[in-house]
Amino acid sequence: MTQNAVRPTPASPTPPGGHLLEVRDLHVEFRTREGVARVINGVTYHLDAGETLAVLGESGSGKSVTAQAIMGILDTPPAYVRAGQILYQGRDLLTRPEEERRQIRGAEIAMIFQDALSALNPVFSVGWQIGESLRERAGMSRADARKRSVELMDLVRIPAAAKRLGDYPHQFSGGMRQRVMIAMALALDPKVLIADEPTTALDVTVQAQIMDLLADLRRDLGMALVLITHDLGVVAGVADRIAVMYAGRIVEHADVHALYRAPAHPYTKGLLESIPRLDVRGQALSSIRGLPPNLMAIPSGCPFHPRCPYVQQVCVDEVPHDLVLGDGRTSACHFAQEVHDDRDG
Amino acid sequence: MSDFETVAATENQAARRGVSGEPGTPGRAGRPDRARSLAGDAWRDLRRNPVFWISLLLVVLVAAMAVAPGLFAANDPRDCVLSRQHAGPSGGAIFGYDFQGCDTFARAVYGARASLLVGALSALITGVIALVVGMLAGYFGGWVDAVLSRVIDIVLGIPLLLAAIVLLKRVSTSGDTVRLFAVILVLALLGWTTAARVVRSSVITAREQDYVAAARMLGAGNGRIMWRHILPNALAPAIVVLTIALGSFIAAEATLSFLGIGLKAPTISWGIDIDAGRVHMRESATPLIVPSTFLALTVLAFIMLGDAIRDAFDPKLR
Amino acid sequence: MLRFILRRLLQMVLAFFGTTLIVYALMFAGQGDPIQALAGERPVTAAQRAYLTEKYHLDATGVGGFFYRYFDYLGGLVRGDLGQSLTGRQISDILAAAWPVTVKLAVIAMAVTVIFGVTSGVIAAIRRSGVFDHATLVLTLLVLGIPTIVLAPLAQYFLGVRWPVFPPTAGAQPSFYALLLPGIVLGSLSLATALRLTRTSVTENLRADYVRTARSKGLRRRRIVGVHVLRNSLIPVVTFLGVELGNLMGGAIITEGVFNVPGVGFNLFRGIRTEDGPLVVGIVSVLVVVYLLSNLVVDVLYAVLDPRIRYE
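In order, the protein sequence lines correspond to chains P, L and B. So for the first sequence, this note's numbering puts the first residue at 1; every next one is plus one. So for the second sequence, this note's numbering puts the first residue at 346; every next one is plus one. So for the third sequence, this note's numbering puts the first residue at 664; every next one is plus one.
By construction, these hints were calculated from the structure, which means they are not laboratory data. Heads up, the beta-carbon is just placed ideally off N, CA and C, and yes, glycines get one too. Don't take each hint at face value.
As the list claims (entries may be wrong) - If we take Cβ atoms under 7 Å as the criterion, some of the chain P residues that face chain B in the derived model are: (1) Met71; (2) Ile73; (3) Thr76; (4) Arg102; (5) Arg105; (6) Gly106; (7) Met111; (8) Ala119; (9) Asn121; (10) Val123; (11) Ser133; (12) Gly166; (13) Tyr168; (14) His170.
Bound-form chain P, shown alone:
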């Protein structure tokens, strides 16, 4: 669909030796009985050691699929990676044999999921599940794995960790379960942690606790964090950069402060305007009109054009390229500069 040339992504210059993790022009499609859904259409982003990238988008925008492609845990069929590269420390993971990718999973790049209750195996104790990676991957003895599991549970601030080692997932509260997931993901000291909507299923107060935990862990352990979410409010305090996804592509990519201050894509703008703000009183809460696109028939030109308040004929005809704006950010919008400068929306 898109022919975007691979270009260096903005906001941080390529460090010597390349980025820690880099996704280049990734295309993924789902082949189903009803037809082919183009779920990822040229996603490009990168991540450096120790930073936090938030990937933002509605459900169906492809943010989770990208993450699963990085992990190599897409279900094939129906999902097929059609094109692109996923570079980890300079190696293109997509060309590597399955065994090598498996070694990377968990040990180098780990992932936590949205619904910890279903993501944890219901019939094994949490201690067993945390210790499994240690026993199977790190070759630890049962006793050592046990000891390390308690440490990990302490690390994610589960109270009375040693006592709860033998408990089963359903015996934990939602927040505690997500902590167990995090402990499990940290077992092998990964350099990258992908958190796929880690707080969506939780109460608001618990959400904040988990986000704080993730931020602290990232800092203390020096990991890089990819935070996938649909909630702009969640990422504000945690992320360094934000990549906004729509219809399987990155539509805006910017430093978190820059993006909050002045979004350069109408979609981001719409998202920002639809969060309730305490500092602006008396303003009606708006929402983006229309529905997310059908991935089997993505609209021509800019896929956002049917919902866009700035729409012009060119938006229907031409796919917008990533426009690099002044302060080192990109926006895939024909009128990026105008949107950016249009402060009052």
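Chains L and B: place on chain P using the hints.
Below, chains L and B alone, put in the same frame as chain P:
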């Protein structure tokens, strides 16, 4: 006990586990709203499915035999002459004669009537009980559901063959018609639970639909909502289950008759003939094989028919 | 866990009284001549009549009499005294001789089920929509659709008489080899059901979220399927097998009857055929107890296997 029940056992997995406290586990067929919107798709799939056509053909054939056996068999199945014992094929008797000197083929053809009568009537009664119980439990929920679900659990826990032995013992000396209806009643009384569960879960799904809420707001009464809006939704999955149940009821009748507690001579039943053929299999196997084949094909036809319809309606299983 | 077992035990005791009462009421109440009802169409000798009257206290009348007789029967059942069959043998002796045979047969059937059914089910699920999957689906449909009264005599005829691979009947002291064919016939039904159940269960679990988690941990596929998926998938399968074992223990009436395997089911079969009322009542009562017990064992097993139930 594991004998003829097992036919329906695939339906019953969760149920047969005998674990209480999960009466709400919906059966595979509990997706009526989707099934309905997919009816066109389902029919397209069915039309292309050879299993569907083969089983339908068999069902029609057996039904025709039950209605007009004279069209299929030339001889009188009760015209038995001992001098023809185990004689080879002759005249209309294409499979020869059995131990009693009766036309093996004619007996198999005439046996369809009892089997189908028992199967169809049991399925009918089962359907009525299942619809009433399932609708009440699913629609009203609460304590009605709790009580009815418990009843379903209990009946499901009864070993069918043992219960049938106990129940049918009481009519062991009665006449043919009484026995026939006793068999039908016993099978229906013990066999309605699976269908009731399926109806119940489809009713629960239908009850949550917007148009039901809309009908209620417009002032439609419970009776009207159940009749007009809920029943149609529950019907399709119920029919699938009942088709399969019909097959297992036929197998059950044959088994009871085989044991000597179901139908008895002079009624012609495949079960009775299989038992008779079994005893004399060393002298001649045809009187065993012919009714066995008739019974197996009939049961299979109904089960495959139900299976094919359900598969068409349930895309998840594809 | 203990509370769970105690609760189930209490339920079982209630169910025991309920079912035995029903069995007893249906067998004896409201019949013109209870003795004739027990004996069916057989002529009853004066000695038998006297024995039955005394045994079942048939001289007492009314509701009180009924319950008197019921509790008497229950007491006998609990003590293991099931009275005599119409042929004059102690029913408990008959059962004592029959149990070992039935257990042997059930074990063979269960082994067939587990070895072929569960294994094939797992393979079919992993290679879903493959040739093996389709073949097993068709085969199991055939097995499920063919009633035992067809399968058992035909197996006996073709594998015992026509091409005598196996002994056609088992006889009084059956060897393992003689029990093999009836065991396979008996097991084939459970096999087909177990296969389909395993297939469905494994298929569902392969789609579960925790499988994705296990993959993201970098575990080998062999371990994901063999440990994570199997451990979850086998919960319904094992419980099914438990129920099934209970059923098999209860005697496979048809299979034992056809192959002359002198087990519990065979005796029940004979009791029905010879209209031996006391024998039928005795065996059915014991089988009901066996059935209830096996259900209890299965529930406990279920709780052991599934922590979500254990800690309810």
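Cross-check of the supplied hints:
1. Met71: Because about 5 Å separates Met71(P) from the closest Cβ in chain B, which is inside the 7 Å limit, the hint holds.
2. Ile73: Check passed: Cβ of Ile73(P) comes within 4 Å of chain B, closer than 7 Å.
3. Thr76: Violated: closest Cβ of chain B sits about 12 Å from Thr76(P), beyond 7 Å.
4. Arg102: Check passed: Cβ of Arg102(P) comes within 5 Å of chain B, closer than 7 Å.
5. Arg105: holds, 4 Å
6. Gly106: holds, 4 Å
7. Met111: The hint holds - Met111(P) has a Cβ within 7 Å of chain B, the shortest such distance being about 4 Å.
8. Ala119: holds, 5 Å
9. Asn121: This interface hint holds because 4 Å falls under the 7 Å limit.
10. Val123: holds, 5 Å
11. Ser133: holds, 5 Å
12. Gly166: Violated: closest Cβ of chain B sits about 10 Å from Gly166(P), beyond 7 Å.
13. Tyr168: OK, holds: Tyr168(P) within 7 Å of chain B, min 4 Å.
14. His170: It holds, given that the least Cβ distance between His170(P) and chain B is near 5 Å, below 7 Å.
In summary, the numbered hints that this structure violates are 3 and 12.
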